[in-house]
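Enquirer: In order, the protein sequences belong to chains P and U. Read left to right, the first sequence gives residues 738 to 1151 (my numbering). Read left to right, the second sequence gives residues 738 to 1151 (my numbering).
It is possible that part of the hints are untrue.
Copies of one chain are not kept apart here, so a pair can be met inside one copy or by any two copies together.
Stated by the list, open to error - Straight-line Cα separation of at most 20 Å, SDA-like style, residue types lysine to any residue; simulated pairs:
#	residue 1	residue 2
1	K1028	G1012
2	K773	G1067
3	K1133	S945
4	K1016	S998
5	K1133	E948
6	K947	S1135
7	K1133	P946
8	K868	N1091
9	K947	F1134
10	K1028	H972
11	K965	N992
12	K822	T919
13	K965	L1025
14	K1104	I1119
Since the hints were made in silico from the structure, they are not lab data.
There are 2 protein chains.
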Amino acid sequence: MEYKITVMKNAFYAQSGGVTSVINCSAYGVISKFKKDFSSSNIYASKNGIVGLLEGELYDLNKTKKPLENLLDMPGGIFGSCRYKLPSLEDKVFYKKLFGQLEKLDIGYFFYNGGNDSADTCLKVAKAAKKFGYDLKAIAVPKTIDNDLAVTDNCPGFGSVAKYVAISAKEASLDIKSMCKTSTKVFVLEVMGRHAGWIAAAGELANSPKETFVHKILLPEVNFDEEKFLTGIEHDVSRYGYSVVVASEGLKNNNGELYASSTEKDSFGHNQLGGLAPKIASLITVKLGLKNHWSVADYLQRSARHISSLTDIDQAVAVGKAAVKLATEGKSGVMPIIKRISDSPYKWEISEGNLNEIANEEKTLPKNFISEDGFRITKAGIDYLQPLIQGESFPKFSDGVPVYEGIDLHLNKI
Amino acid sequence: MEYKITVMKNAFYAQSGGVTSVINCSAYGVISKFKKDFSSSNIYASKNGIVGLLEGELYDLNKTKKPLENLLDMPGGIFGSCRYKLPSLEDKVFYKKLFGQLEKLDIGYFFYNGGNDSADTCLKVAKAAKKFGYDLKAIAVPKTIDNDLAVTDNCPGFGSVAKYVAISAKEASLDIKSMCKTSTKVFVLEVMGRHAGWIAAAGELANSPKETFVHKILLPEVNFDEEKFLTGIEHDVSRYGYSVVVASEGLKNNNGELYASSTEKDSFGHNQLGGLAPKIASLITVKLGLKNHWSVADYLQRSARHISSLTDIDQAVAVGKAAVKLATEGKSGVMPIIKRISDSPYKWEISEGNLNEIANEEKTLPKNFISEDGFRITKAGIDYLQPLIQGESFPKFSDGVPVYEGIDLHLNKI
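In isolation and in its complexed conformation, chain P is listed as follows (with noise of 0.2 Å):
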């Protein structure tokens, strides 16, 4: 005679999309809490996003014996993360075995960590869930250093990006500002943002009232006028000396075009960018013969664990905790999000979004937030990016760099 009983059903966990400096510390809120709250199941962290889900190759998080607090000071996504866009709900092949996948560890809870796109991922599973008559609790996980999810306040991620640009752009003025009475007059950083300019406006906080380090934003926002923007430059230079530019990398011409093209697209069909930077300088060079430096900050923007927001690290710690409560309460196609409670003090609480409204959606800069000129953010945009950048928490060095030691990883292969 067989015995059936009910038992806690087990969860999956994965990272999807860009990595950030924080998405590990996602990880830790949803890893931490489900082992509590559910201390009778298993966690299981997907390797490689949703692929390693479909390939059957699945990391046990129970055989786990590092501290699960090491995930805390580990850039990247420690599990593997992919770009892979599910196909429509029509796929009855395709669903089937993603969902057998799932029987096969008994899984009940879905959490999938991810931007716009893995909202997108979410969403789909929630629903063809629904739709096949599988049991299953889908949430997503706010990540993205691009802070252009919907309905959220902001997004883990951005905040340590926004102080890696902050502090390397000012630290890049005080350089360019020695250096500009016989050489350099003009240095051009190039940050991510395909587009929304949210990582280019932090350039704003290397400002203070006091001084001006950061002379120039380019948002894909504002399409950039390169008269205007020249002008701006020769101004500058006759008032400071030189000109620090942080430029989106998703700026766009006056016909609305990318400024700086590329004809390589990533599996979502996103054109990949980089190089506005080398044209920017170039522009530069040819119509003001001004000297200038540029640099690319790409991936070390993203990955600068050694110098993330404090308040990003408990946000995206948060968001991972409740994500396991929005689960308890039997919720699905849903993300846990950030409310803003006040500015100054900064108080904000955690609650619910509905993934209809989040996945691939875009929140780009409010006009408010952008100076009349379009070059710079105004004090509201200060007032709304400040926060999101406040404390440090230095990782733990060893002969002269973090150690970065994460956790065991036991990949299960069913």
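Dock chain U against the given chain P, drawing on the hints supplied.
Expert: Here is chain U on its own, set in the frame of chain P:
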């Protein structure tokens, strides 16, 4: 009746060439030691290197109220730096003007803080003083991120940029490791170094005996063999899933010409570089079809005071203080140098070098520091490099960014 009493002479200090995140630490060393040992004299800091002296713009440091210790966590050159080549000693008019300016402030000590070109400037001033009969002790204070000064074991400024490169490469490597399954396979980080690969070599410090984070290092000392490099990248991708490359801007092709050349020159006639990373990235795209990302650190690497090496800071202060001691001893045309006593435990002391052996010389990576295949750094190289990045000295933060307050400057026009 007039009295003539013998008074101690005053001092001149200037910063020259590309700045570092710790050049102000050397300024602290010189100024604090001079103020202590020559309490009845004054010390002036030239605005924008030697240019300030020629144009009659100097900061009167006896008027400074803020604590000199503020210089210890301030990147860039607080007094301004310059790139300015002194004429040959035949140019009587020039040197008469220069010594005339020094005489106005009763300067008997000339401290010039810079790299190879600045050592040349300081040596010329020392020689010219002798030739034209001006009583002056001219002492160079070493500074260069390039670590290419002869005679000294290492140069203040290098340890911090080395630490920045090791940390950034390790962090970016964890990022790409997360993404490589379905996205980016190769990451190229371009760092500074015209003729010497010291900075790129520091990428090796990201690695540990247990784990490889940086897979290829491209040095100016090793002519670039495209085929061998591409085969190596393919090998990395097949073995690790991805490859991280740290490339020196001064990389040369098989004919010994710059691989990424530029037509711009600085005031010393050196080619202004940059743009190597996109060139390498494009090679990988075209020849291997592997998705890649690239970053150009440029000024960010040399101004990153938030992550400066404590060892570097200590040495920067020490050479500043030692310069004053050499002046007290009546030396001229010399430079304090760092002498290594042992690798492990790392022990060093300050000794003395002759500018004749330093000026315009360039120290490249010794052969035994470069692996047989030319793409990695040997144990001998690691043993040399590792001590230089030890220790952290985080600056004070406010509103999420380092304060970098500096000191109050009082301009004296002569």
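Enquirer: Now tell me if each hint is right for this structure.
Expert: Hint check:
{"no.": "1", "hint": "K1028 to G1012", "result": "both (18 Å within a copy, 15 Å between copies)"}
{"no.": "2", "hint": "K773 to G1067", "result": "within (17 Å within a copy, 71 Å between copies)"}
{"no.": "3", "hint": "K1133 to S945", "result": "between (30 Å within a copy, 15 Å between copies)"}
{"no.": "4", "hint": "K1016 to S998", "result": "both (10 Å within a copy, 16 Å between copies)"}
{"no.": "5", "hint": "K1133 to E948", "result": "between (33 Å within a copy, 17 Å between copies)"}
{"no.": "6", "hint": "K947 to S1135", "result": "between (37 Å within a copy, 14 Å between copies)"}
{"no.": "7", "hint": "K1133 to P946", "result": "between (34 Å within a copy, 18 Å between copies)"}
{"no.": "8", "hint": "K868 to N1091", "result": "within (18 Å within a copy, 81 Å between copies)"}
{"no.": "9", "hint": "K947 to F1134", "result": "between (34 Å within a copy, 16 Å between copies)"}
{"no.": "10", "hint": "K1028 to H972", "result": "within (15 Å within a copy, 40 Å between copies)"}
{"no.": "11", "hint": "K965 to N992", "result": "within (16 Å within a copy, 44 Å between copies)"}
{"no.": "12", "hint": "K822 to T919", "result": "between (52 Å within a copy, 11 Å between copies)"}
{"no.": "13", "hint": "K965 to L1025", "result": "within (13 Å within a copy, 41 Å between copies)"}
{"no.": "14", "hint": "K1104 to I1119", "result": "within (13 Å within a copy, 51 Å between copies)"}
Of the numbered hints stated above, none is contradicted by the structure.
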